[in-house]
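Note that the protein sequences, when read in sequence, are chains A and B.
Using my numbering, the first residue of the first sequence is number 30, and each one after it goes up by one.
Using my numbering, the first residue of the second sequence is number 7, and each one after it goes up by one.
Take the hints with a grain of salt, since some may be wrong.
Claimed, not checked - Partial chain B-side listing against chain A, Cβ under 7 Å, derived:
hint, residue
1, Gln-133
2, Gly-139
3, Leu-256
Said to hold, decoys possible - Covered, in the sense of this in silico footprint (three residues per stretch, anywhere, with C-beta under 8 Å from a C-beta of chain B), are these stretches of chain A:
hint, segment
4, 35 to 42
5, 89 to 98
6, 108 to 118
7, 121 to 132
Because the hints were derived from the structure by calculation, they are not lab data.
Glycine included, C-beta positions come from ideal geometry on N, C-alpha and C.
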Amino acid sequence: MNPAVPVPTPETLPFWEGTAMGELRLPWCVPCGAPFFYPRRTCPDCGSAEIEWRAASGRATLQSYIINHRPIPAGDPLIIAIVKLEEGPRMMTNIVNVEPVPEDLTLDMALEVAFVDRDGQSLAVFGPVGSW
Amino acid sequence: MVGAHAAIVGASETASLGALPQMSVLELHAEAARAAAADAGISMSEIDGIATARPLPLDVAHYLGINARWIDGTAVGGTSFLLHVRHAAAAIAAGAANVVLISHGESGRSRVGALGAPDDSATPVGQFDKPYGAVTPYSTFTIPAMRFLHERGLGVDALASVVVEQRKWAIGNPRAARTKPVSIEDVLAAAPIAYPFTKDMCCVVTDGGGALIMTSAERAADLSPKSPPVYLLGAGEANGSPLVSQMPDLGSFEGFRRSSAEALAQAGIGTGDIDHFMGYDAFAHLPLYMLEDIGFVGRGESAAFVADGQTGRDGALPMNTNGGGLSYTHTGMYGMFAIQESVRQLRGTAFNQLPDIELSLVQGVGGFFWTSGTLVLSNRQP
Ligand SMILES: [Zn+2]
Numbered sequence: 030m031n032p033a034v035p036v037p038t039p040e041t042l043p044f045w046e047g048t049a050m051g052e053l054r055l056p057w058c059v060p061c062g063a064p065f066f067y068p069r070r071t072c073p074d075c076g077s078a079e080i081e082w083r084a085a086s087g088r089a090t091l092q093s094y095i096i097n098h099r100p101i102p103a104g105d106p107l108i109i110a111i112v113k114l115e116e117g118p119r120m121m122t123n124i125v126n127v128e129p130v131p132e133d134l135t136l137d138m139a140l141e142v143a144f145v146d147r148d149g150q151s152l153a154v155f156g157p158v159g160s161w
Numbered sequence: 007m008v009g010a011h012a013a014i015v016g017a018s019e020t021a022s023l024g025a026l027p028q029m030s031v032l033e034l035h036a037e038a039a040r041a042a043a044a045d046a047g048i049s050m051s052e053i054d055g056i057a058t059a060r061p062l063p064l065d066v067a068h069y070l071g072i073n074a075r076w077i078d079g080t081a082v083g084g085t086s087f088l089l090h091v092r093h094a095a096a097a098i099a100a101g102a103a104n105v106v107l108i109s110h111g112e113s114g115r116s117r118v119g120a121l122g123a124p125d126d127s128a129t130p131v132g133q134f135d136k137p138y139g140a141v142t143p144y145s146t147f148t149i150p151a152m153r154f155l156h157e158r159g160l161g162v163d164a165l166a167s168v169v170v171e172q173r174k175w176a177i178g179n180p181r182a183a184r185t186k187p188v189s190i191e192d193v194l195a196a197a198p199i200a201y202p203f204t205k206d207m208c209c210v211v212t213d214g215g216g217a218l219i220m221t222s223a224e225r226a227a228d229l230s231p232k233s234p235p236v237y238l239l240g241a242g243e244a245n246g247s248p249l250v251s252q253m254p255d256l257g258s259f260e261g262f263r264r265s266s267a268e269a270l271a272q273a274g275i276g277t278g279d280i281d282h283f284m285g286y287d288a289f290a291h292l293p294l295y296m297l298e299d300i301g302f303v304g305r306g307e308s309a310a311f312v313a314d315g316q317t318g319r320d321g322a323l324p325m326n327t328n329g330g331g332l333s334y335t336h337t338g339m340y341g342m343f344a345i346q347e348s349v350r351q352l353r354g355t356a357f358n359q360l361p362d363i364e365l366s367l368v369q370g371v372g373g374f375f376w377t378s379g380t381l382v383l384s385n386r387q388p
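Given only the sequences and the hints, what does the whole structure look like? Please build it.
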């Protein structure tokens with residue numbers, strides 16, 4: 030199985046344009062004063078269409094993970110994780126720059142973002158702070 | 007009251023489960039449907055309503071020669087059949103159908119006549135979950151489990167205990183896929199699939215089918231079925247997030263809380279009244295979530311409840327008495343088989359038959375915490 034390459038839609042395009050420039054952008058609801066994820070045209074909390082795109086700090090914490098040992102997409106164990114961004118929303122990602130063993134993966138550990146190319150799209154991945 | 011008027015009057019699984027490369031998905035549906043109709047003592051020609059998750063109900067109806075006037079293709083993952091039961095009861099109460107067939111067939115292992123995976127790289131899941139490898143059940147459904155354990159101060163052995171306890175129910179059952187007794191050490195030493203999940207903490211992968219025939223409680227009294235009717239006392243359903251990363255709380259599923267609360271309230275009972283529990287266990291963490299979210303135990307108490315044998319034969323809440331998806335069978339959509347075991351227990355025909363049971367709760371999960379369905383079933387007419 031080839032690694033999945035995301036195909037942007039009009040409402041998510043600003044996110045993918047951001048990752049291509051090395052920026053993790055989030056849609057913010059102006060009335061709520063808070064970001065949300067994944068990108069939508071209206072706020073899932075209040076329904077407002079008054080949305081602004083802002084760059085996130087790129088800092089996050091590890092919420093939960095698995096270490097995949099089956100061949101998707103590559104042969105090496107892959108850390109598939111849910112992280113919580115400093116701004117609040119959670120997202121799926123891969124944890125890199127760390128051995129894929131539970132001893133090195135402490136829940137709530139501090140992470141920071143970097144971007145990797147995936148066939149023309151840039152994916153946000155996370156590593157321990159200072160590992161880049 | 008959706009429930010009190012409807013009854014399951016026919017129920018059957020396919021004659022075999024496991025590896026069935028000689029049967030297509032459609033024939034798995036059809037074999038189960040014919041057997042369920044025979045069980046109900048009802049002619050196939052009397053069926054005027056049909057519900058399937060996949061393939062489409064029109065495919066199954068046409069294959070069987072059914073002329074339906076009520077059609078439900080609700081497809082929300084493996085709990086779809088629990089929703090079909092609820093919807094069928096409403097349709098029967100409204101006079102929109104007299105006799106409903108709910109069927110399932112899946113060639114999960116042999117992939118004969120199976121549907122292909124859609125190309126969904128532009129969906130939210132395709133853009134924000136799949137690129138990271140969250141593409142299979144074992145690499146996606148499993149991800150919240152570490153959070154659940156962490157929040158409760160539990161270790162990976164909590165998952166292994168679920169496997170050990172459920173395996174006990176499958177021992178000796180000729181229809182079960184995994185029948186060998188296991189210890190916590192065995193489970194932890196099994197092949198790693200997606201840490202913390204080893205092979206034994208993941209469901210089996212099988213071919214098979216199952217079907218139900220439902221009609222009104224009044225009509226049920228006039229039938230001469232092989233087995234007594236099972237009444238629907240209450241039901242609930244709830245949606246969650248299609249992206250596992252966007253669950254509101256990784257250590258609890260609000261869909262389980264919402265649908266079970268509605269089903270219990272409709273039945274007019276509490277968790278303490280339930281004699282038997284079927285909790286959809288595609289992976290070992292799910293029964294732990296369900297026990298807490300339904301309210302059978304308090305937050306943080308599920309692992310000890312299971313490890314102490316409370317879900318076993320002599321426990322307070324016998325759970326997954328067929329061995330569950332972890333040991334009995336899992337075609338890809340297990341919800342039908344959870345209902346089948348509840349029906350058997352309430353009719354007194356289960357392999358591991360419990361004495362004196364009147365109330366069974368079936369808790370389903372669809373997709374990867376996408377959907378929840380709950381049924382309260384009884385052998386006593388309300
Ligand atoms: Zn808002």
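Hints, verified against the model:
1. Gln-133: With Cβ-Cβ at 4 Å, under 7 Å, it holds.
2. Gly-139: 5 Å, holds
3. Leu-256: The hint holds - B:Leu-256 has a Cβ within 7 Å of chain A, the shortest such distance being about 5 Å.
4. 35 to 42: holds (count 5)
5. 89 to 98: holds (count 7)
6. 108 to 118: holds (count 3)
7. 121 to 132: holds (count 4)
When the structure is compared with the earlier hints, no violation turns up for any of them.
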